[in-house]
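What follows is each chain in one-letter form.
Protein chains: 2
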Amino acid sequence: MAFQFWFDFASTYSYPAAMRIESVARSHRVDVEWNAFLLGPVFKAQGWSDSPFNIYPAKGKYMWRDLERICNSLSIPFRRPKVFPRSGLLPARIATRFKGSTWIPDFVRAVYRANFADDLDISDSAVVTHCLVELGLDAGEIISGARSVESKSMLRSQNSVAAQLNVFGAPSFVVNNELFWGNDRLEQALQWLETHQKTE
Amino acid sequence: MAFQFWFDFASTYSYPAAMRIESVARSHRVDVEWNAFLLGPVFKAQGWSDSPFNIYPAKGKYMWRDLERICNSLSIPFRRPKVFPRSGLLPARIATRFKGSTWIPDFVRAVYRANFADDLDISDSAVVTHCLVELGLDAGEIISGARSVESKSMLRSQNSVAAQLNVFGAPSFVVNNELFWGNDRLEQALQWLETHQKTE
Numbered sequence: 789m790a791f792q793f794w795f796d797f798a799s800t801y802s803y804p805a806a807m808r809i810e811s812v813a814r815s816h817r818v819d820v821e822w823n824a825f826l827l828g829p830v831f832k833a834q835g836w837s838d839s840p841f842n843i844y845p846a847k848g849k850y851m852w853r854d855l856e857r858i859c860n861s862l863s864i865p866f867r868r869p870k871v872f873p874r875s876g877l878l879p880a881r882i883a884t885r886f887k888g889s890t891w892i893p894d895f896v897r898a899v900y901r902a903n904f905a906d907d908l909d910i911s912d913s914a915v916v917t918h919c920l921v922e923l924g925l926d927a928g929e930i931i932s933g934a935r936s937v938e939s940k941s942m943l944r945s946q947n948s949v950a951a952q953l954n955v956f957g958a959p960s961f962v963v964n965n966e967l968f969w970g971n972d973r974l975e976q977a978l979q980w981l982e983t984h985q986k987t988e
Numbered sequence: 789m790a791f792q793f794w795f796d797f798a799s800t801y802s803y804p805a806a807m808r809i810e811s812v813a814r815s816h817r818v819d820v821e822w823n824a825f826l827l828g829p830v831f832k833a834q835g836w837s838d839s840p841f842n843i844y845p846a847k848g849k850y851m852w853r854d855l856e857r858i859c860n861s862l863s864i865p866f867r868r869p870k871v872f873p874r875s876g877l878l879p880a881r882i883a884t885r886f887k888g889s890t891w892i893p894d895f896v897r898a899v900y901r902a903n904f905a906d907d908l909d910i911s912d913s914a915v916v917t918h919c920l921v922e923l924g925l926d927a928g929e930i931i932s933g934a935r936s937v938e939s940k941s942m943l944r945s946q947n948s949v950a951a952q953l954n955v956f957g958a959p960s961f962v963v964n965n966e967l968f969w970g971n972d973r974l975e976q977a978l979q980w981l982e983t984h985q986k987t988e
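Chains as they are written, first to last, in my numbering: chain A, 789 to 988; chain B, 789 to 988.
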């Protein structure tokens, strides 16, 4: 049974989830399936043209404080980005086009760090290039691959799958069609997998 | 330093929080201050005339499943109410008018059980009467006290305090102006109190 991690590079709570998921999952002896998707279309379907954290200021104010506390408690660097949300389209296309490659988890973490620790513009291909190069990868080849018509269509398909799974926010974890939403549900989702593997 | 618990009787995630808060707080040697308030005015201020769980069906569908899982894991009875949300105005006036009385925690739990385990209409004074009577209380006196002009004004003041504390959802926990939102943040809020009591 796959343990699916659904994330959007613009999503704030996906940042701590992305940083800790591999080590937490490893302690449960679980492999993570990394699924990038875009929240934008999901939000648009609900009538939002912006992040709900911007539309509802009380919620947004709370989220930034809460995220700061969470990062502190996990010893993850955090700096509130000057621009929010930033488009994660290019890195999402890369993560989708090269899904399953061994370097994907490191790349995803590098992009999240760029956005939420270094306050860099992850929609800028120079920033994404740097994330790839520091992993010793051929950034030019990867980025041009991610910009192909096929890659764009792959990301659209990913978004359709997310919708079919009723994923409506990020991060989300899906275990055998059972949906868990939020960084704070990671342990519960892994526990669910453990319990249901044994009984099936 | 007071440990404030803010709840709305209509709020789904406030149900497990209300059921477990006393025992969890006791293990931290913390006394809970029980604060009823109404989410309705808070939601109206954000442009919602209904619960966001009704306005956004994907979120609502997830919430009911998530709540069921939480109640199962805590061994708390749960039945999805036929009507949602139900007005918690009368019990909120009672909880506010008699705030600090020793019977309040039992009363709050009884009302939550009526709503989320027995699927009873908590806006019906007969249901609220039953919750009071089973605690050996004088329901007639309490209900007429809660319907006084003074009691109505007390609840409005409670709501103003909640707004000043930036409470925007329920359940919320407030420790020295530090806000924690959600049943899943109870332990973190208690931990915060412990850490900051020691260092102040």
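For the record, the hints were derived by calculation from the structure and aren't laboratory data. Any given hint could be a false lead.
If several chains are the same, the list does not tell them apart, and a pair holds so long as it fits within one copy or across any two.
Keeping only pairs whose Cα atoms sit at most 27 Å apart, straight-line, the calculated DSS-like set for lysine-lysine is [unchecked claim]:
#1 K887 - K870
#2 K832 - K849
#3 K940 - K887
#4 K940 - K849
#5 K847 - K832
#6 K887 - K849
Every value quoted in this text rests on a predicted model; they were computed, and no experiment measured them.
Classify it for me, K940 with K849: is the Cα-Cα distance of at most 27 Å met within a copy, between copies, both or neither?
Classified as neither; 34 Å inside a copy, 30 Å across copies.
I want to check one pair: K832 and K849. Are their C-alpha atoms no more than 27 Å apart within a copy, between two copies, both, or neither?
both (22 Å within a copy, 18 Å between copies)
When Cα atoms must be at most 27 Å apart, do K847 and K832 count as within-copy, between-copy, both, or neither?
both (19 Å within a copy, 14 Å between copies)
I want to check one pair: K887 and K870. Are their C-alpha atoms no more than 27 Å apart within a copy, between two copies, both, or neither?
neither (30 Å within a copy, 43 Å between copies)
At 27 Å max between alpha carbons, let me know whether K887 reaches K849 within a copy, between copies, both or neither.
Answer is neither; intra-copy 34 Å and inter-copy 29 Å both fail.
Is the C-alpha distance from K940 to K887 at most 27 Å within one copy, between copies, in both cases, or in neither?
within (13 Å within a copy, 58 Å between copies)
Of the numbered hints listed earlier, those contradicted by the structure are 1, 4 and 6.
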